[in-house]
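J.: Using the sequences provided together with the hints, build the complete structure.
This is what each chain is made of:
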Amino acid sequence: MAGPSTNAAIALSLRENGMAHWLRIGFYKVGPFFTVTALLLTWELASRLELVIAFLLPPLSVVLLRIAEDMVAGQLPLDIAITLYRTLVAFVLAMVIGISLGIVIPRVASIRWFFDPIISIGLPMPKIALLPIFMLWFGLFDTSKILMVAFSASFQIIITTWSATQNVEKELIWSARSLGASNRQILWEVIFPASLPQILTGLQIAMPVCLIVVLVTEMVMGGQGLGDSMLRSARYVDSPGVFAGIVEIGIVGFCVIRSMELIRRRLLVWHQETQKEETTV
Amino acid sequence: MASVARSGREHDNPAAAPGISISGVCHEYRPANGRPVLALDDISLEVKDREFVSILGPSGCGKSTLLYLMGGFMPLQQGEIIVAGKTVTGPGPDRGVVFQNFALFPWKSVRDNILYGLEKQGLPREERLEIAQHYIDMVHLSGFEDSYPSQLSGGMKQRVAIARTLAIKPDTLLMDEPFGALDAQTRSLMQEELIAIWNRSPTTVVFVTHDVREAVLLADRVAVMTARPGRLKEIVETKFADAPHDEIVKSPEFLDKVDYTWNLVRAEAVAADAEKAG
Amino acid sequence: MSAAATLWRFTPLLIIALLWEATTRLGLISEFALPPLTNVISSFFKLLADDLLYHTGRSILRGAVGFLCAMVVGVLAGVLMAWYRPVRILVNPLMRCFYPMPKSALIPLTIMWIGLGDGSKMTLIFIGCLLPIVMSSFNAARGVDQVLIWSARGMGATEQQVLWEVVVPASMPEILSGIRISLALSFILLVSAELIIANNGIGYLIDLLGEGGDYAGMFAGVITISAIGFFADRGYVMLMRRFLRWRE
Ligand SMILES: Nc1ncnc2c1ncn2[C@@H]1O[C@H](COP(=O)(O)OP(=O)(O)O)[C@@H](O)[C@H]1O
Ligand SMILES: [Mg+2]
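Chains as they are written, first to last, in numbering that gives the first Met the number 0: chain A, 0 to 280; chain B, 0 to 277; chain C, 0 to 247.
No lab work stands behind these hints: they were computed from the structure. Every residue, glycine too, gets a C-beta built ideally from N, C-alpha and C. A few of these clues could be false.
Said to hold, decoys possible - Just so you have them, the derived chain A footprint on chain C, three or more residues with Cβ under 8 Å:
| # | region |
| --- | --- |
| 1 | 91-100 |
| 2 | 110-124 |
Unchecked claim - Far from chain C by the CB rule (all over 10 Å, computed), these chain A residues:
| # | residue |
| --- | --- |
| 3 | Arg-47 |
| 4 | Glu-68 |
| 5 | Val-71 |
| 6 | Arg-106 |
| 7 | Asp-141 |
| 8 | Lys-169 |
| 9 | Ala-180 |
| 10 | Thr-200 |
| 11 | Phe-242 |
| 12 | Leu-266 |
| 13 | Trp-269 |
Stated by the list, open to error - Quick list of simulated restraints, FRET-style, between CB atoms:
| # | chain 1 | residue 1 | chain 2 | residue 2 | range |
| --- | --- | --- | --- | --- | --- |
| 14 | C | Ser-176 | A | Leu-267 | 20 to 26 Å |
| 15 | C | Arg-95 | A | Arg-106 | 35 to 41 Å |
| 16 | A | Pro-76 | B | Glu-274 | 29 to 35 Å |
| 17 | B | Glu-274 | C | Pro-85 | 36 to 42 Å |
| 18 | B | Ser-149 | C | Ala-3 | 28 to 34 Å |
| 19 | A | Val-107 | B | Glu-129 | 57 to 63 Å |
| 20 | A | Leu-261 | B | Lys-47 | 41 to 47 Å |
| 21 | C | Ser-1 | A | Val-107 | 20 to 26 Å |
| 22 | C | Ser-176 | B | Glu-125 | 37 to 43 Å |
T.: This is the structure we're talking about:
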């Protein structure tokens, strides 16, 4: 028979596969760390070697030192606590209002009639534009900040809850009804759990909005918090302060968003998506 | 999404006869997290030129996997597959594939779906349109040329998928439960249509199904697979005299073969259930 | 929908408008908290004759430039990242780090880098919208049904053709909804940045009027930018529907 025998060919291809396989595995394992490290190193070196003006990009080490100083001085923990407090209170407020309205609206005709145009106009509107009005009505302290944040986030929660509870499979509801469940039981024991994945998605979209808006309210009105500190640094053209702010806010945002994902997983153990290999952010 | 572009180079192997030769093929799925799954274990199968072979087995036994490997969509981990004298190293229009879930392009109309493969063959426009129309008529979808897949029923989508594959006139036809989504009546019409097409221009066909009757009726030979990991259990000869389907299905030979094959598959289905339960 | 049905649908807004006018005219709510609706409307026309158009135009220009750049770069980057594995492995971890960052944190940074002008706002919107668009395009392209890709390859499409003729159109619905979310984000960033610090633009105008005690004018400005945001979204959705007719 001409050419390599079949077995030899297989052995060869297996060996090639093996080499390529290990190289690839190595690349997958090392690649992510490589880019992150490379980015951090470039940051440090670019400004140390004066490739960029240190004012535009202070060295990483300077920024980290600054964060450590703020931490020791106690200002940073305070800012984080204040910002988180505002965010979470506003988020819970938006969640309670949003989920209740989202459940009630599609079920009561008169309420639906009243809220439908308001929500369809309010959802796509840049609600942050109302900030001056909130300041006028509620002052410059926590109340107006929290209300502004909750207002910005609640439309999204209303609309996802609304559509999620409306789109529950009819057969699911019918089978519960034929088993003798009352309307109230159907709502809490069938509709709510069945629409939970989508409701949680709505909350996961709302949380970043809360973080974005809370920082803006702090930047506009002051009153401490991460947003206020960062804007003050920018005003004083204190570039390590601005970058420290970016890093701090980035870490806080990362932790908050990650916790939302973990909570989702914990709540949706029964759902098939938790068995999927990778959830999207 | 596989991102590694394979070379697609195919080297002639004069030693092998046309048809399909599968030797010692194993396949293991290695999910990113989760246990590896051995889907195919040492499959060897010869399909003669212009033969119609059915692959039959319980759901999850690796039928689709085997078909994907013949199509060249996944790299072969072990063993070798030779189709029409060429070692399979990647996908190509010489092997037409009808996928289990249609795999129609939802953003293209029926006509454009069928035209897609023809464009890749570089035919002149007039000819492409003519061929597409011919196949649309053949699967009885005239009048739906401009519909999008989302506007069609499952059976209609299935017929578009079949027409799309037949239109590129592949030398080898690989079909993965192509009539799975059809109702009983359309199904038997399509079965006859497929056999009629095949009689007009015989090609090598590998036809995956889990319907015993369909396999026995259509195929020259039926390869019965075991439950996971898929191995070849037995090959049943199922060639009957040339006769209309409604006569064949009443003949005692046919009923005997169905009964025999059915028992083979049932044993595997029971085994598969036992594995799940255990 | 018939005219009567539309009218009935929007009656609640009319009721709110009437309540607004009535309570303020009757002095139930102080004029300094809520100027009567009619005053707001007349302020709007006064501003329209004055410099409302100028400031609005400035804002729209900034928003549009930043957003369009983010859209083009973001979609390309996201799709290429999904398609080329080495790129994905290198870029994905960075994206995962930066994606959850609340985008308003970029406002002070761009102010410090570039100042108060157009460039600063454009950069802000570009960077702010870029990551969400990359992320959603990436997820969309990654989520394309493997079998569609195989089917195109099986019919003889080259890798480039698979990318442009299958992966891109198949992920278009998700890409376009991702872009819609970023459109909303771009308005938030634009208005916020202008409220915080600027020397022109609609946010600046609102701030200025509020500081000067012209609350009717301030309300008129707020309603103007809200309406623009609303119609931008509606327009986008209409375009998107037209583009995705095949989805039925
Ligand atoms: N992408 C995959 N990752 C992991 N396991 C898979 C994958 N695809 C298929 N399998 C497993 O491989 C086995 C064979 O699958 P398949 O070939 O689709 O079976 P069939 O077509 O006979 O129903 C099944 O048990 C299935 O669970
Ligand atoms: Mg299958």
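J.: Please go over all the hints and tell whether each is borne out by the structure.
T.: We went through each hint and held it up to the structure:
1. 91-100: holds (count 9)
2. 110-124: holds (count 3)
3. Arg-47: Arg-47/A is indeed farther than 10 Å from all Cβ atoms of chain C, at 19 Å.
4. Glu-68: holds, 19 Å
5. Val-71: holds, 22 Å
6. Arg-106: holds, 17 Å
7. Asp-141: Holds, because the least Cβ-Cβ distance between Asp-141/A and chain C comes to about 18 Å, which exceeds 10 Å.
8. Lys-169: holds, 21 Å
9. Ala-180: Given a closest Cβ separation of 33 Å, the condition holds.
10. Thr-200: holds, 12 Å
11. Phe-242: violated, 8 Å
12. Leu-266: holds, 20 Å
13. Trp-269: holds, 23 Å
14. Ser-176/C <-> Leu-267/A: 20 to 26 Å: Holds: the Cβ-Cβ distance is about 22 Å, inside 20 to 26 Å.
15. Arg-95/C <-> Arg-106/A: 35 to 41 Å: Since the Cβ atoms of Arg-95/C and Arg-106/A sit about 39 Å apart, the hinted range of 35 to 41 Å holds.
16. Pro-76/A <-> Glu-274/B: 29 to 35 Å: Cβ of Pro-76/A to Cβ of Glu-274/B: about 56 Å, so the range 29 to 35 Å is violated.
17. Glu-274/B <-> Pro-85/C: 36 to 42 Å: Holds: the Cβ-Cβ distance is about 39 Å, inside 36 to 42 Å.
18. Ser-149/B <-> Ala-3/C: 28 to 34 Å: holds, 33 Å
19. Val-107/A <-> Glu-129/B: 57 to 63 Å: Given range 57 to 63 Å: holds, Cβ gap about 60 Å.
20. Leu-261/A <-> Lys-47/B: 41 to 47 Å: violated, 57 Å
21. Ser-1/C <-> Val-107/A: 20 to 26 Å: Since Ser-1/C and Val-107/A have Cβ atoms about 24 Å apart, the given range 20 to 26 Å holds.
22. Ser-176/C <-> Glu-125/B: 37 to 43 Å: holds, 39 Å
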